[in-house]
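Student: Add chain U to chain Y, keeping to what the hints say.
Below are the chains, spelled out letter by letter.
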Amino acid sequence: MSGRVIVITSGKGGVGKTTTNANIGTALAKTGKKVVMIDTDLGLRNLDLLLGLENRIVYTIVDVVEERCKLKQALVKDKKNPNLCLLAAAQTRDKTAVTEEQLKDICEKLQKDFDFILVDCPAGIEQGFQNAVAGASEAIVVTTPEMSAVRDADRIIGLLEAKEEIKSYKLLLNRVRPNLIKSNDMMSVDDVVEILSADLIGIIPEDTGIITSTNKGEPIVNDEKSLAGKAYNNVARRIIGEDVPFLDLEEPKGIVAKMKKFFSNLKGETK
Amino acid sequence: MILANLYNKVMGFFRQAEQEEVESAKDTACNRLRVVLMQDRTNLTPELMDRMRRELVELLSKYVEMDKEALDLSLEQDGEQVALMLSIPVIRAKDEEEIKAALEAEDAEKECDDIVEDVEEEQVSDDTDEIEADENSDDEVEIQENDDEETVEDEKKETDQ
Numbered sequence: 001m002s003g004r005v006i007v008i009t010s011g012k013g014g015v016g017k018t019t020t021n022a023n024i025g026t027a028l029a030k031t032g033k034k035v036v037m038i039d040t041d042l043g044l045r046n047l048d049l050l051l052g053l054e055n056r057i058v059y060t061i062v063d064v065v066e067e068r069c070k071l072k073q074a075l076v077k078d079k080k081n082p083n084l085c086l087l088a089a090a091q092t093r094d095k096t097a098v099t100e101e102q103l104k105d106i107c108e109k110l111q112k113d114f115d116f117i118l119v120d121c122p123a124g125i126e127q128g129f130q131n132a133v134a135g136a137s138e139a140i141v142v143t144t145p146e147m148s149a150v151r152d153a154d155r156i157i158g159l160l161e162a163k164e165e166i167k168s169y170k171l172l173l174n175r176v177r178p179n180l181i182k183s184n185d186m187m188s189v190d191d192v193v194e195i196l197s198a199d200l201i202g203i204i205p206e207d208t209g210i211i212t213s214t215n216k217g218e219p220i221v222n223d224e225k226s227l228a229g230k231a232y233n234n235v236a237r238r239i240i241g242e243d244v245p246f247l248d249l250e251e252p253k254g255i256v257a258k259m260k261k262f263f264s265n266l267k268g269e270t271k
Numbered sequence: 001m002i003l004a005n006l007y008n009k010v011m012g013f014f015r016q017a018e019q020e021e022v023e024s025a026k027d028t029a030c031n032r033l034r035v036v037l038m039q040d041r042t043n044l045t046p047e048l049m050d051r052m053r054r055e056l057v058e059l060l061s062k063y064v065e066m067d068k069e070a071l072d073l074s075l076e077q078d079g080e081q082v083a084l085m086l087s088i089p090v091i092r093a094k095d096e097e098e099i100k101a102a103l104e105a106e107d108a109e110k111e112c113d114d115i116v117e118d119v120e121e122e123q124v125s126d127d128t129d130e131i132e133a134d135e136n137s138d139d140e141v142e143i144q145e146n147d148d149e150e151t152v153e154d155e156k157k158e159t160d161q
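Here the protein sequences line up with chains Y and U, keeping their order.
Here the first sequence stands for residues 1 to 271, where the numbers follow the working numbering.
Here the second sequence stands for residues 1 to 161, where the numbers follow the working numbering.
Bound conformation, chain Y alone (with noise of 0.2 angstroms):
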């Protein structure tokens, strides 16, 4: 077996790359593949928290590099889908305790007993980025529709077209209020799509959710009702290589259109 290692970047912090991380490995795991997850924020380690998995870590990357524990021994498992592992970031140390050739080893170990690595890559374009990206040969660049959000991710995707491992790139639009953008106040996903050029892969809407999901530890994607997990599953259904278009955000207005939509829903799934 040989996994495709993805890593999840932004360039802008707060954007959801973690978010993202712990959703799309939770939802891949879901449809069966072995999923890994490495935390690379070196000091600010957060993947572990939005999993609900804090309280189990033993051992972390930068032990594994130190040679305190074997890679298997630093693998710390779901609470819910043994599919689902978690590599996580030391919080005592920075980013220069792991190098990218340390990084990229690792990534070639656990090609060989996962179907996916998905990277989880500090803010930023130093260090820590160079490291998060060494071992990947395909990238998710998040954004959200915010100016800031857009020109940083134009920087990563023209730090990640100069490397020649990483072979593709997809973006991931989080965070998207399509009530704002029906008013003219946001930008739409078409403005970003054509500003930045990229294939997008995911379209998420804001949901409060998300906070709430994040406080008790457990990934949106296990919320089956939630529009925001709905989505996330759809992206790790794009990545295994499905087909599956996007989803509509509109909230239909009135009752009849709400009917209307259910219907053709109904139909949807029938097909």
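Read the hints as simulated data drawn from the structure, not as lab findings.
Values in this document were obtained by computation on a predicted structure and should not be read as measured data.
Among the clues, some could well be false.
As a list, the in silico EDC-like pairs of lysine to aspartate or glutamate whose alpha-carbon atoms are at most 16 angstroms apart [unchecked claim]: (1) Y:K230 x Y:D248; (2) Y:K182 x U:D27; (3) U:K26 x Y:E194; (4) Y:K230 x Y:E206; (5) Y:K34 x Y:D115; (6) Y:K182 x U:E23; (7) U:K26 x Y:D185; (8) Y:K72 x Y:D113; (9) Y:K30 x Y:D115; (10) U:K26 x Y:E146; (11) U:K26 x Y:D191; (12) U:K94 x U:E104; (13) Y:K72 x Y:D105; (14) U:K68 x U:E55; (15) Y:K77 x Y:E54; (16) Y:K72 x Y:E108; (17) Y:K230 x Y:E242; (18) U:K26 x Y:D190; (19) Y:K109 x Y:E67; (20) U:K62 x U:E96; (21) Y:K163 x Y:E138.
The following residues of chain Y were derived to be distant from chain U, with all beta-carbon distances above 12 angstroms [to be verified]: (22) G52; (23) R68; (24) D94; (25) D115; (26) E126; (27) Q127; (28) G209; (29) I211; (30) R237.
Note that the Cβ used here is the ideal one computed from N, Cα and C, for glycine as well.
Tutor: Structure of chain U alone, referenced to chain Y:
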């Protein structure tokens, strides 16, 4: 009171209608982003754009008389292609003699530069920093010219007149 309220409401309605023509927040964001990304991608800072603009004014002034303040230089993107857009309001086309004079003046200046360059090469062949500094302040260059060769200065005077 009621009348005043009504008046405000009616005026408010018209103001709203006017506001629709104003650029939306989304368009502002898109336009600002396009400009800033173009700068990021091409490494052309606003300072460099300004310099390019000034140099273009200097160049084009030889051929046409134009509104130097209104000259607009901007980068635009059309799909994958980045285009440099230059819009020049022409006040008056220069007549043949004026253009000829301007070109002759330039040719003479070029000759001066060649001579100056030769001298410089002899003096400092590998000091690029100094040449860059020279570009920044014309005064310095002229002082050097004075020191280096008198004939250069003379030629320049002729052409200036």
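Student: Keeping to a limit of 16 angstroms between CA atoms, is the pair of K72 (chain Y) and D113 (chain Y) held or broken?
Tutor: Judged against 16 angstroms, a Cα distance of about 10 angstroms means the pair holds.
Student: Take a quick look at whether K62 (chain U) and E96 (chain U) sit within 16 angstroms of each other, Cα to Cα.
Tutor: Status holds; Cα separation ~11 angstroms.
Student: Are the Cα positions of K68 (chain U) and E55 (chain U) separated by 16 angstroms at most?
Tutor: Holds, because 11 angstroms separates the two Cα atoms, which is no more than 16 angstroms.
Student: Against chain U, does D115 (chain Y) keep a CB gap of more than 12 angstroms to every residue?
Tutor: 35 angstroms, holds
Student: Between K72 (chain Y) and E108 (chain Y), is the straight-line Cα distance small enough, at 16 angstroms or below?
Tutor: It holds: about 13 angstroms lies between the C-alpha atoms, which stays within 16 angstroms.
Student: For K230 (chain Y) and D248 (chain Y), compute the direct alpha-carbon distance and say whether it is at most 16 angstroms.
Tutor: Given pair K230 (chain Y), D248 (chain Y) holds - Cα atoms ~11 angstroms apart, limit 16 angstroms.
Student: Take a quick look at whether K109 (chain Y) and E67 (chain Y) sit within 16 angstroms of each other, Cα to Cα.
Tutor: 15 angstroms, holds
Student: K182 (chain Y) and D27 (chain U): Cα distance at most 16 angstroms?
Tutor: With a Cα-Cα distance of about 13 angstroms, the restraint between K182 (chain Y) and D27 (chain U) holds, given a limit of 16 angstroms.
Student: Straight-line Cα separation of K26 (chain U) and D191 (chain Y) no greater than 16 angstroms?
Tutor: Judged against 16 angstroms, a Cα distance of about 9 angstroms means the pair holds.
Student: Taking 12 angstroms as the cut and beta carbons as the points, is I211 (chain Y) off the interface with chain U?
Tutor: Answer for I211 (chain Y): holds, closest chain U Cβ roughly 25 angstroms.
Student: Hinted pair, alpha-carbon criterion (16 angstroms max): K230 (chain Y), E206 (chain Y). Please report holds or violated.
Tutor: 12 angstroms, holds
Student: Holds or violated: K34 (chain Y) with D115 (chain Y), Cα cutoff 16 angstroms?
Tutor: With Cα atoms ~5 angstroms apart, K34 (chain Y) and D115 (chain Y) stay inside 16 angstroms; holds.
No hint from the list above goes unmet by this structure.
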